[in-house]
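Enquirer: Next come the chains, spelled out residue by residue.
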Amino acid sequence: MEPEKKGLGYFAIWVWLVALTVGYLVERFIGVPRHVALAVIFGIALVKALLVAWNYMHLKHESRIIFVILLIPILLFAILVLLLLPDITLVHRGN
Amino acid sequence: MIVQTAAVENSGEISTGKLGIWWLIGSEIMIFGGAIGSFILLRLAHPDWADNAGHLSVPIGSLNTLVLLTSSYTMVKAFENVKKRDRKKICRFLLATALMGLVFLGIKSFEYHGKFSHGIYPNTNLFWAFYFTLTGLHALHVIAGITAILILWTFGLRDRLWPPAPGTGTASPGSPGPGIDIIDISNFSDPSIRGGIIRPNVNMSIPGPRWSGGGRPIADRIELVGLYWHFVDVVWIFLFPLLYLTA
Amino acid sequence: MEGNRHQARGNSAHHSHGDEKFIWKYVFSTDHKMIAKQYLFTGLFMALVGAFTAYLMRWQLAYPNTAAPGWGVVTADKFNMLVTMHGTIMVFFVGMPVLVAALSNFVIPLQIGARDMVFPRLNMLSYWVFVASVVCLLASFFVPAGASACGWTGYPPLSASQEYTGIFWGVVLWILALALEFASFTMGGINYLATFMCARAKGLTYSRVPLATWFLVGASLAFFFSVGPLIAGAIMLLLDNVAGTGFYLPQKGGEPLLWQHLFWFFGHPEVYVVFLPGLAAVLEIIPVFSRKPIFGYRTMVWSMAVALALSYVVWAHHMFISGMDPRLAMPFSITTILISVPFAIIIFCMLASLRGGSIRLATPMLWAVGFLVTFLIGGLTGIFLGSAASNIYFHGTYFVVAHFHYTFFPAVFFGGFAAIHFWFPKMFGRMYSERLGKIHFWLTFVFFNCTFWPIFQIGSGGMIRRIADPSQYRILDQFKTLNVFVTISAFILIAGQIVFVINFFWSIFRGPAAEANPFRANTLEWSAASPPPHGNFTAAPVVYRGPYEYSLPDRAEDFVPQNEPPLAQAEGTA
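Chains as they are written, first to last, in the working numbering: chain S, 1 to 95; chain L, 1 to 247; chain P, 1 to 574.
Because the hints were derived from the structure by calculation, they are not lab data.
Since the structure is predicted, the reported quantities are computational estimates derived from the model, not experimental observations.
One thing to keep in mind: the hints can contain errors.
A few chain L positions that, by computed beta-carbon distances, are all more than 10 Å from chain S [unchecked claim]:
id, residue
1, L105
2, T147
3, T154
Dumping the calculated DSSO-like pairs for lysine-lysine here, alpha-carbon to alpha-carbon at most 30 Å [as the list claims (entries may be wrong)]:
id, chain 1, residue 1, chain 2, residue 2
4, P, K252, L, K108
5, L, K18, L, K88
6, L, K18, P, K78
7, P, K37, P, K202
8, P, K25, L, K18
9, P, K252, L, K115
10, L, K18, L, K115
11, L, K84, S, K60
12, S, K60, L, K18
13, L, K115, L, K89
14, L, K89, S, K60
15, L, K84, L, K18
16, P, K480, P, K37
17, P, K37, P, K21
18, P, K438, P, K78
19, L, K89, L, K18
20, L, K115, S, K60
21, P, K37, L, K18
22, S, K60, L, K88
23, P, K25, P, K37
For each residue, glycine too, the CB sits at the ideal point set by N, CA and C.
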């Protein structure tokens with residue numbers, strides 16, 4: 001519970017978030033191969049989301065029950081998308 | 001399990017309000033998950049949608065991302081000042097957050113307007129249908145967040161974030177009634193403050209624990225609204241690359 | 001008795017200050033018990049509407065193209081509308097409010113010893129959003145072209161574009177009604193879950209929570225995590241209708257199967273959303289009326305958890321003949337067969353709980369046993385449908401209709417009536433009439449089976465679902481008499497509910513006053529007054545033991561309430 005230090009932490013996180021957002025643009029200027037670019041883009045998005053959730057939403061201080069509440073829907077989302085892949089994506093690609 | 005015995009409200013770790021917000025976020029993950037998942041599935045099936053995505057302006061989208069990220073920062077600063085009980089700063093940061101939310105919506109509607117003027121509508125093709133649905137759904141959440149933040153801001157302006165210090169005012173902060181130590185909802189079950197249930201914190205002259213929601217100060221709600229606001233931010237963090245950067 | 005009752009009333013009036021205006025007490029109430037009653041009455045009213053649609057459909061199937069008394073000839077397009085509205089109303093507007101909302105609202109706070117929900121205002125809001133949803137749905141009967149006729153599952157492209165059914169406003173209102181209902185139950189779900197987690201009485205650990213509360217919470221969980229994708233899907237369906245997008249329209253590059261997946265991703269857990277509360281009531285009734293500890297408390301809670309987890313990955317068994325990827329059929333068949341295991345365990349535990357008990361067949365117990373018998377038939381016929389190979393033959397026939405009526409009807413009505421009768425004294429402070437209750441049970445039980453058992457035969461004989469006029473098919477002529485029999489049984493089944501209505505309302509106003517614990521049960525709700533005042537308990541209850549300690553050998557009484565202190569310290573705390 002040191003508010004000063006944490007305040008600095010919040011700002012540092014913000015700087016990171018901005019830097020990562022600019023990172024998108026840098027990647028576009030360099031012009032890396034497409035699949036690498038996609039991996040980078042969504043990697044950055046994931047990192048940003050985790051930064052916000054972990055620091056601004058204070059998940060790092062939160063009790064385990066919150067993680068359960070969050071992980072169940074994320075897991076279900078993954079299951080839904082994976083199981084629908086053959087029906088929606090592959091069928092349309094086949095056409 | 002988590003709470004093995006006990007059972008008193010705020011049995012240490014987590015308040016009911018916070019728990020409620022996290023459950024809300026859990027359900028929102030499934031709502032956005034369904035919509036985003038559908039988009040991902042069909043986007044993977046249609047590499048040709050890249051042409052459509054190319055019509056979206058990456059600089060404008062990036063700017064909007066920055067605006068929303070910064071608003072998350074000011075929101076968390078407001079929460080930080082709740083701990084310091086600095087009402088002025090709380091108000092300032094809340095207002096800044098709401099304004100940035102409005103800027104985000106302004107830029108978004110500028111983008112919409114640009115699309116409409118080029119004859120691009122939700123029914124143009126499936127990509128644009130998804131674009132307008134996803135961003136529109138997100139914008140609705142931004143509007144809800146701004147509304148909640150502005151309500152808290154007015155509470156802050158009128159100095160109602162905390163009950164007055166003991167002895168100075170009529171309000172007694174959430175003192176439980178006789179024999180009640182399960183959960184403190186004595187303010188809800190007291191019919192003498194019925195009006196307060198529908199219109200909270202309007203009439204200061206009626207005594208009673210009207211400062212509190214479940215015995216907690218209004219200021220605690222800044223954290224709750226903050227959680228929601230950050231969640232809306234996180235949704236955008238994923239929407240932006242999905243829609244704009246896959247050209 | 002009468003005097004006691006008046007005194008009890010006086011006390012409760014005093015407790016709630018007595019000056020509550022009508023509108024705050026009965027309309028915009030934040031009291032969880034009043035909200036539960038509001039949900040109950042709304043749900044029962046919608047059951048009447050649902051029964052009327054059933055009456056019209058059955059009339060048409062038995063006496064095709066003759067005027068049904070009270071309506072007229074049921075034309076083919078109106079038949080489609082009736083099918084749609086019957087399903088929607090019975091599942092979403094009877095099953096959900098009566099079982100999920102009314103039961104959770106009433107039972108959870110009382111059983112965990114809370115004074116109210118942790119978010120009482122959210123609770124009130126959720127009810128009024130639900131009312132808006134009901135209004136939307138009922139209004140759709142009266143808009144141009146009438147209510148939606150796309151089936152209760154709303155499959156696109158039928159539901160996605162006006163050109164297929166000629167109905168625009170009906171479909172839009174149908175989607176809006178569902179959206180509002182989901183919003184309402186999401187608010188409710190947050191409330192039940194947070195209340196369960198935060199407001200349990202002192203000493204009420206997770207292993208002492210009554211099974212009814214566990215199963216109601218399970219139902220909320222099943223709803224909570226499955227409804228999101230359907231809300232997203234409904235938004236897309238709404239936009240298809242009003243904005244001309246083509247999410248589900250193949251000619252615009254969309255994918256109709258996407259809706260089916262999103263719908264059934266919710267739709268299958270929804271079966272458990274309705275089923276688990278019915279089971280909850282039955283599980284609470286069995287130990288009370290057989291005076292025995294429940295068998296396998298932990299086993300049942302864990303079985304429910306496993307069933308919940310599996311319920312999210314079985315949905316495509318509703319879609320075996322939809323044209324989905326055949327490679328998905330095998331995994332979904334396997335999970336479907338798997339999910340019957342935890343429910344079989346639960347049923348066996350219930351049977352074991354009954355074995356050797358001193359069973360008293362009072363009305364709630366009759367409904368509970370009726371639930372077991374009928375649901376078992378529903379569950380066993382589900383095996384035919386769960387495996388892809390036989391499903392392909394059965395799916396489009398009345399066999400499916402019989403099957404899901406054998407699952408939904410026991411859950412909603414047998415479970416619902418069990419719950420209503422069991423908690424009636426607590427809810428209204430009066431006893432129901434045991435004789436009328438039994439007449440009602442036997443009428444319902446006999447004619448429910450007479451109605452739906454022959455439908456298995458009709459279905460496996462090849463009668464197709466959703467046809468408006470069976471007389472157009474030569475092959476169905478053989479079922480003419482059977483269809484008439486089914487229809488007459490259905491009419492008696494519906495008419496038999498009048499007994500319930502009489503019993504219900506007569507007992508609310510004229511029934512003998514109920515004591516606090518008329519069934520001599522252990523759980524906390526029976527330690528409150530009947531009916532409990534606003535705030536439920538006069539003093540905070542403290543829990544010392546599990547909920548099912550019946551017929552302990554070292555006790556004089558055959559039950560030990562959860563809040564009774566252990567013998568050693570009884571003098572100190574009592």
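Enquirer: All hints, please: hold or fail.
Expert: Each hint tested on the structure:
1. Once the 10 Å rule is applied to beta carbons, L105 (chain L) is consistent with being away from chain S; the minimum gap is 19 Å.
2. Consistency note on T147 (chain L): stated as away from chain S, and its beta-carbon is indeed over 10 Å from all of that chain's, at 20 Å minimum.
3. Its beta-carbon lying about 24 Å from the closest one in chain S, T154 (chain L) satisfies the requirement of being farther than 10 Å from that chain.
4. Between the alpha carbons of K252 (chain P) and K108 (chain L) the distance comes to roughly 26 Å, so the proposed pair stays at or under 30 Å and holds.
5. For the given pair, K18 (chain L) sits about 24 Å from K88 (chain L) by alpha-carbon distance, which is consistent with the 30 Å threshold.
6. Of the supplied pair hints, the one linking K18 (chain L) and K78 (chain P) is violated, its CA atoms being roughly 48 Å apart against a limit of 30 Å.
7. Distance hint between K37 (chain P) and K202 (chain P) is fulfilled; the C-alpha atoms sit about 27 Å from each other, no more than 30 Å.
8. As the CA atoms of K25 (chain P) and K18 (chain L) are separated by approximately 29 Å, the hinted pair is consistent with the 30 Å bound.
9. Note on K252 (chain P) and K115 (chain L): the hinted pairing holds, with a Cα-Cα distance of about 20 Å set against a maximum of 30 Å.
10. Straight-line distance between C-alpha atoms of K18 (chain L) and K115 (chain L) comes to about 39 Å, which puts the hinted pair past the 30 Å bound.
11. Simply put, K84 (chain L) and K60 (chain S) have alpha-carbon atoms about 21 Å apart, close enough for the 30 Å limit, and the pair holds.
12. Simply put, K60 (chain S) and K18 (chain L) have alpha-carbon atoms about 15 Å apart, close enough for the 30 Å limit, and the pair holds.
13. Proximity of K115 (chain L) to K89 (chain L) is assessed by CA-CA distance (about 39 Å); at most 30 Å being required, the pair is judged violated.
14. For the given pair, K89 (chain L) sits about 25 Å from K60 (chain S) by alpha-carbon distance, which is consistent with the 30 Å threshold.
15. Taking the CA atoms of K84 (chain L) and K18 (chain L), the gap is about 20 Å. The hint holds against a cut of 30 Å.
16. Our distance criterion of 30 Å between C-alpha atoms is broken by K480 (chain P) and K37 (chain P), whose separation comes to about 42 Å.
17. As the CA atoms of K37 (chain P) and K21 (chain P) are separated by approximately 18 Å, the hinted pair is consistent with the 30 Å bound.
18. Among the hinted pairs, K438 (chain P) with K78 (chain P) is inconsistent with the structure: their alpha-carbon atoms are about 37 Å apart, more than 30 Å.
19. Proximity of K89 (chain L) to K18 (chain L) is assessed by CA-CA distance (about 23 Å); at most 30 Å being required, the pair is judged to hold.
20. Using a Cα cut-off of 30 Å, the hinted pair K115 (chain L) and K60 (chain S) is violated, with the two alpha carbons roughly 41 Å apart.
21. With a C-alpha separation of about 28 Å, the suggested pair K37 (chain P) and K18 (chain L) falls inside the 30 Å cut-off, and the hint holds.
22. For the suggested pair K60 (chain S) and K88 (chain L), the alpha carbons sit about 28 Å apart, so the restraint of at most 30 Å is met.
23. Proposed proximity of K25 (chain P) and K37 (chain P) is supported: the alpha carbons are some 12 Å apart, at most 30 Å.
Of the numbered hints given earlier, the model fails hints 6, 10, 13, 16, 18, 20; all others are met.
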